[in-house]
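From first to last, the protein sequence lines stand for chains A and B.
So for the first sequence, UniProt numbering puts the first residue at 1; every next one is plus one.
So for the second sequence, UniProt numbering puts the first residue at 1; every next one is plus one.
In case anyone wonders, no lab produced these hints; they're calculated from the structure.
This one's a predicted model, so the numbers in the text were calculated from it and none came from an experiment.
Computed from the model, here is a short list of chain A residues facing chain B with C-beta under 7 Å:
#, residue
1, H125
2, M128
3, L131
4, Q132
5, E247
6, L248
7, E251
Taking CB as the label site, the calculated pair distances span:
#, chain 1, residue 1, chain 2, residue 2, range
8, B, L72, A, S352, 28 to 34 Å
9, A, D86, B, K289, 48 to 54 Å
10, B, E358, A, S87, 51 to 57 Å
11, B, Q269, A, Y392, 57 to 63 Å
12, B, N205, A, E354, 34 to 40 Å
13, B, E369, A, D476, 48 to 54 Å
14, B, T262, A, N221, 41 to 47 Å
15, B, A57, A, D252, 34 to 40 Å
16, B, L37, A, E354, 40 to 46 Å
17, A, D476, B, R365, 50 to 56 Å
18, B, E369, A, S352, 32 to 38 Å
19, A, G88, B, E358, 51 to 57 Å
20, B, A225, A, S352, 56 to 62 Å
21, A, R285, B, T262, 46 to 52 Å
Beta carbons are placed, not taken as given, at the ideal position from N, Cα and C, and that holds for glycine.
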Amino acid sequence: MDGCQSTEGDLHVVAAAHHIVKALGATKNLTDDLRKILIDLDTHLSMITSDTDSKGGRGFVDVEEQLKQAERKILSWESDPMMIWDSGPREASEYIATVYEIQTLVDGLRRLSVHENREQKELLHRAMSVLQTAMSRLEEELIHILVQHRQQFEPKHMSSRSTRRDVVYDESFVSVEDETVKETSSRNCPSDEIGECIVDLVCADVIPDIKSIAKVMFTSNYGPEFCEAFIGVRKEALEQYSAVTEELSIEDVLKMEWTSMSSKMNKWTWSMKMIVQVYLASEKRFCDLVLGDFGSVSSFCFLEISKATILCLLNFGEAIAMGPHQPEKLFRLLDMYETLADLPQDIDTLFSEEASSFVRLQFHVLLERFGVSSTAAFEAFQVAISSNGSLYPFPGGGVHPLNKYVMNYIRMLPEYCNILNLLLKDQHVDVADQVTDPDNGPNLSLSTSCPMACHLRSITSSLESNLYRKSQLYKDEALQHIFLMNNIHYLVQKVKGSELRLFFGDEWIRKHNGKFQQHAKNYERATWSSVICFLKDDNPGSSSVSKSTFKEQCKGFRIAFEEVYKTQTSWCVPDPQLREDLRISTSLKVILAYRTFLGRNLAHIEDKCVKHTVEHVEKLLLDLFEGSPRSLRNSRRW
Amino acid sequence: MNANEYQGSFLGRISIRRNQVVVMDAIHEQELEDIELFQKHVSDRFSELSSPSDDDAVLSISWLCKLLDVFLCCEAEFEAILLMDRDPYQLSKPPFDRLIPELLDRAVKALDICNAVTNGVESVRHCQKLAEIAISALDQKPIGDGEVKRAKRALSTLMAAINLDDKDGTNAKSTERSWSFGRRSGNKDRVAGQFRSLSWQVAKNWSAAKQIQSTIYNLVAPRGAEASGLPSPIYTMNVIMIFVMWALVAAIPCQERTGLPTHFPVPKQLNWAHSLIGLQEKIADEWKKKEKKGMAGLLDEMQRMEKSAQSLIDFTDSFQFPGDAEKLQEAAGHVAELTEICRIMEQGLTPLQMHIREVFHRIVRSRTEFLDVLEKASLPVI
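Isolated chain A (complex conformation) (with noise of 0.2 Å):
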């Protein structure tokens, strides 16, 4: 519009279109965008006008009166104690039609050749300055807006893996009942799967009037502004929600003791979902939404709210994955490497721009350090197992603290079958029990002999080691045999009784009941073959022995019996089952050679030398492998 001679035709035309203009915006039910066409095209006829009219002719008047009242609507609400968008809608699009008026109103006195008129320079000048009293005041009512309609962001309830007990060794493990330990499969528990969800973290019915002050203000190149305020209130919203995890320094992670290290690896992990999963997933949503129409703002609104938690997050799960790798913590590590890498997508979606990729790289390396701090646990755990070393031999020849330890351990190994499968892939195992399964289907194939599963037996077949070597400080050949029967038979129960046979394989189950059965058999030998020599038939043709030839062997068997009393009531068969099993198989031996033996001398029998009866031993016999010891020299017990 630059000050060219018009025609007073072309003033005649102008001057009607002005009026219509007039008479337009007079009307009512305009929409905010035609309101703002009819004020633009207004304050533009209105500068053609005053353009030919130097002097500040009629035309000029009415900017500077459009000012004046667009000044006074700004001012009127400074002094007003109610904020514009809680007194109702029509204030508040008021208030906006006002803003857009001055600001065309600036643009158009801007495009006037300004420096020339001192007028038009003031009109500008006092346009710019209630154009910043409206800034300000915008940013204001956003803040208020986003204070106001946030919504409380409930967590699902937490999964219930966090209430598995730790299995942790120590020497007192002989006294917890394994049995009461039930594992619930908590796989499947629907709260485990968070998934993307998307909620609203303001309500969403104020998402307009937020994205109206935005484009006055961006507009208005006052986007800066817009951003700091906006920024500053979704990332405090955001920072106030995390402070669930607490931030720690390195340091105090690295000397945190188990219990407590434990809990907050558990924390961790149902946050970092919560997190990344729902709560940045709908801020994102959000800052779209709002500015969704100004290019990467919204891309660095984002980022500017959310770095500091994640990068937090991440922290955190650096100084867990620097420190030592013992084994108790592979279950909190496999935990937190499952969930990292139930997230790159999450989180190359989140982070997808160039200026975040730093984010993306700190998560990539951060799960690749878990990956390898899982296996050095992993590693650990093996180490321990055949480290472990005894000085002495165990008493009663129960069940090892070392078995039960390590079998309630691997038994909650498949559980993380898929994520260990990927991390001992490339690792090599010495299988010295390899397993053949020709008779199986191809399924269960593929289980036994996937990584984990391999694994899962040169565990246990660097445990079967371990046990053999602690049954030679035993220096009963008896009880070496009892210890590793009770042992063995222990590992194949807990192996059939869980998900581990599915990769042990019926093969490996088979052949271990072959060991242990092998075991009671030996024991049996070594202990009731001497014993049952007193008993036998030297001359089994003759119909009898000789009375001393009787007493001798009568004598030699009860004090062989009783020696054997002795000293294995105070054994321990802990497994109901197979004491029963090895007691019959005892009794029928022993009973049996004693009956024959006997029945053989009926003539012999006299009361001094027969101290126990048939029924007596038998009964005698129950008492073994109780545990508790005892005696029957000096007892007449009938």
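Take the given structure of chain A and dock chain B to it, following the hints.
Frame of chain A; chain B shown alone:
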């Protein structure tokens, strides 16, 4: 000594070198040479840092990047000397059974400082954004009340952020300050409440000053025989690490810097340490001066920004439309300075964070390697 005597026992794992005195001497000779070279390099690198060019004033962003590079170079050399071809058992004997764990402890503290400083760079970035608002306001021609008000708001927020007492950077305080809009107060200047919560994202009781203090604790230069062996480079590396961390904390805002120690117990006669000690004293002097005025930190660009921002605030305070020509010119000068600083920050802050991150990763990796070596040395043989 008969090698056969040791076979079969775990002592047999000791390096065979023990039996070969001649070879030992040669190796020892080599080691001494390596140590000497290492310390010469240290001296050279710090000497270079002490005489910065115009672009790299001490404690400027680019200088800090150079400092971090120096750290990485020294660390690499140090690791090579300590770990390459080293019998693990040697590092688990005295005095290394004390020196190495101490070094690793300091390394962990350094990691926390890296994190805190990375966070601190964010607050510098925030200041940059505020300065940019002020610049865009005052770049308008002509400048009116509106622009001046806008600039003043941004600058006041900036100054408040700079002079924020490190302790106040917690969530709770900013919540109270910022968003208490129960009723609109008559006070238009909501400056103090507007800036974003500057939570430090570090543990609540963590203190940068205390961390530095605890790294200096127990730092004793090796004496006598130890001074010519491996303990010497270990000491050197400790000093370098502490110095780098200390310089970062002095420069960049992070939680709780009151009481930052200004004295390092490094003996002056160590010839590799001259430049380093010189730098340290220079920075310490600056720190003592600044400590009295406020906690902005010594980052060169931040100091310059503070100066320009203050001048501009003075300008805005005394502004009356249409404004004094001379004052306007002066203001334009400050705006130009501010623009330049923002440009430097825009280009330099991200690389600085990446450098810190690299140092972080290197320390983690190095620590892991040392721990692995120590573990090998302590593995029992059954």
